[in-house]
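Sequence order for the protein chains is A and B.
Heads up: the first sequence is residues 1 to 274, going by the working numbering.
Heads up: the second sequence is residues 1 to 274, going by the working numbering.
Read the hints as simulated data drawn from the structure, not as lab findings.
Just so you know, same-sequence chains aren't split out, so a pair can sit in one copy or run between any two.
Dumping the calculated SDA-like pairs for lysine to any residue here, alpha-carbon to alpha-carbon at most 25 Å:
| hint | residue 1 | residue 2 |
| --- | --- | --- |
| 1 | K100 | L221 |
| 2 | K145 | S257 |
| 3 | K252 | D51 |
| 4 | K145 | T253 |
| 5 | K252 | R50 |
| 6 | K65 | N270 |
| 7 | K145 | R250 |
| 8 | K145 | K252 |
| 9 | K199 | A166 |
| 10 | K100 | I227 |
| 11 | K252 | H127 |
| 12 | K145 | A166 |
| 13 | K199 | Q169 |
| 14 | K252 | S49 |
| 15 | K252 | G125 |
| 16 | K145 | K160 |
| 17 | K145 | A248 |
| 18 | K145 | A247 |
| 19 | K160 | R170 |
| 20 | K145 | E249 |
| 21 | K252 | P148 |
| 22 | K160 | A206 |
| 23 | K145 | E156 |
Number of protein chains: 2
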Amino acid sequence: MYEVREAPIGVFDSGVGGLTVVREIMRQIPQERIVYFGDTARVPYGTKSRDTVIRYSRQIVRFLKTRNVKAIVIACNTASAYALETLQEETDLPMIGVVKPGARVASRASTGGKIGVIATEATVGSHIYREYIQGLKPESKVFEKACPLFVSLVEEGWLKDPITEAVAQRYLQEMKELHIDTLILGCTHYPLIQSTVRKVIGEEVALINPAYETAIELRELLKREKIDNQEHHKIEKNPYEFFVSDAAERFKTFANSILDYDITNTRQINIEEY
Amino acid sequence: MYEVREAPIGVFDSGVGGLTVVREIMRQIPQERIVYFGDTARVPYGTKSRDTVIRYSRQIVRFLKTRNVKAIVIACNTASAYALETLQEETDLPMIGVVKPGARVASRASTGGKIGVIATEATVGSHIYREYIQGLKPESKVFEKACPLFVSLVEEGWLKDPITEAVAQRYLQEMKELHIDTLILGCTHYPLIQSTVRKVIGEEVALINPAYETAIELRELLKREKIDNQEHHKIEKNPYEFFVSDAAERFKTFANSILDYDITNTRQINIEEY
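Model the full structure from these sequences, guided by the hints.
Here it is as structure tokens:
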């Protein structure tokens, strides 16, 4: 049992966006080790089909198991929407995604029951946020909108920019007219343009970043399963390991802009072999 | 020899953009059969590394060979930039990319020797257009600019749009100040926003779409190798076959917006198996 408690948590994403979830885990449960995998050779997932996303996620879970992780976090909304249920059935490890925690906190935050969700085409097409939210509060109205350009704008680094603002104006116009009271940032890239989204949608709308709640849910899960690391501050020098499926340079640059942690040990693997 | 002449031409791209090249081949050599493969499960290539793009392209060539193609066109600037040379060495089939034809026609078109290239990060990073152009005309000045948002804007369908125009203004500003006389649309998506690019860059700049010249080069190659199909207009009912690596629906929609041809027989394959 001692060994399991010290084992790392596996976190994966289609690319770099999941590092916003890693950042929250580092903040909230700093005593835990993390093995991160970003599928940079096949990114993005948000425009791809359910079958493809499940196949890719299954390979990643197989890889993470070779790193002896004790639990898995799917730090990608699209993979959470499409693959979590299937992978939970196939895998004996505790596993959570970002969608349920995001839906839960949005339900609690919403005062008027009008909740907006911005996400990838895949996540929106799955209607999974709507399903979860209405499972918690059946009277909720949920408006979903795919915002595919946001990922490219974040990756271009145009975080506070008139063009990004114009794109946000167009994507969010309908939700403004519908007077939503809560908006879920349903893609891990979106928290990086939170201030632009805030400016466009207005001060009165609650913005929900599922990453925060996911880290809390992970902490509770580890405790409940009695696999949380209790050796506070006794983790070794490199508690975080980063793996990618495509060359690491671009990843490192982006990672260092998100994390207060120097990504020195990023390694590349061929995920198709898993 | 008879059978080889009737064999199809293999054309591949990271996704749908290569259909702009297929369109030109259909127009200029209508008597040829085509097998198209779009790697929609791993698209885009333009942000990925040389090694990954070569590995993916190699798998695609293996797949196309199972379809008994007589020649291969790499209808993707990034794959042409990174993988053409390696694949030509490894493969016994005649093979061309889009970069050399694009560079050649730009050299001819340029009156003042100032040529701009807009393309993906990968193509720009390879400096392959500059290399080819300066190989043809050493005194040429070549200015390269990565325009990653253009692909997303095309896929969003915002072809003639104030936001696309604002993005083009920003990307092309420096080239305008440098007074380029010729501009290569160095990514197969870009011809779809040609009118917006034209509006921003001005009437006096020659816009080069490598697809057109690639189809001409292909026609000449087939003749030279004596593998051109001489049975004019005698091709069977379905002369064009389309394959993708991810679910075909999205592909069909986009394909039908590019081609004057009903994509009814698109099939999905698992490219990782090749």
